[in-house]
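J.: The residues making up each chain are set out below.
Number of protein chains: 2
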Amino acid sequence: MKARVEVSFRDGVLDPEAQAIGRALASLGFGDVRGVRRTKVIELDLATTDRATAESELKAMCEQLLANPVIETYRISLTE
Amino acid sequence: MKARVEVSFRDGVLDPEAQAIGRALASLGFGDVRGVRRTKVIELDLATTDRATAESELKAMCEQLLANPVIETYRISLTE
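Heads up: the protein sequence lines correspond to chains G and F, in order.
The first sequence begins at 5 in our numbering and counts up one residue at a time.
The second sequence begins at 5 in our numbering and counts up one residue at a time.
Extracted from the complex, chain G is given alone in its bound form:
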């Protein structure tokens, strides 16, 4: 089973790297950029074929490693 985990900063949380990208684009002459946001996407190949097992495992992986629940939110999607 293939899993896709999208991890983004919570609204209102400062993303220094996104800000740095915005400044760098401006310094390269791209004056058209009004906002920059970043999302981390982690794709996982899971041995299990059971959807419920995959979902609970992924939730635990996110809570323990892939996302920082204090400043990040995550979204999980599964494909057979």
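Treat each hint with caution, since some may be false.
Because identical chains cannot be distinguished in the list, a pair is counted as satisfied if it fits within a single copy or across any two copies.
[What the hints assert, rightly or not] The list that follows gives simulated cross-link-like pairs (lysine-lysine, DSS-like), each with its CA atoms no further than 27 Å apart:
| id | residue 1 | residue 2 |
| --- | --- | --- |
| 1 | 6 | 63 |
| 2 | 44 | 6 |
| 3 | 44 | 63 |
Rather than coming from a laboratory, the hints here were simulated on the basis of the structure.
Assemble the complex: chain G is given as a structure, and chain F must be docked to it using the hints.
T.: Just chain F, lined up with the frame of chain G:
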């Protein structure tokens, strides 16, 4: 106009951070993970409303900053 840039490593290019995630998941007891891949997603708010302008600007942004053409590929999508 909103733009979404997805940047991934080219096939065959080693992604040390993805490997580290894989090892960390295994050490946390998640033995079900067979592969890990990462994608960087950068969302941009552009002032322009002209699609062709946005596309050419985004291509230049990717070539100059957002992606390393030697080891990464990128995919651009636009929404009004």
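J.: Compare the structure with each hint and give your call.
T.: Against the structure, the hints come out as follows:
For the identical chains of this complex, residue 6 and residue 63 are intra-copy neighbours only, at 14 Å inside a copy versus 30 Å across copies, given an alpha-carbon limit of 27 Å. With identical chains, the CA atoms of residue 44 and residue 6 are at most 27 Å apart both within one copy (16 Å) and between copies (18 Å). Taking the shortest Cα distances, residue 44 and residue 63 sit within 27 Å of each other both inside one copy (16 Å) and across copies (21 Å).
In this structure, every one of the numbered hints holds.
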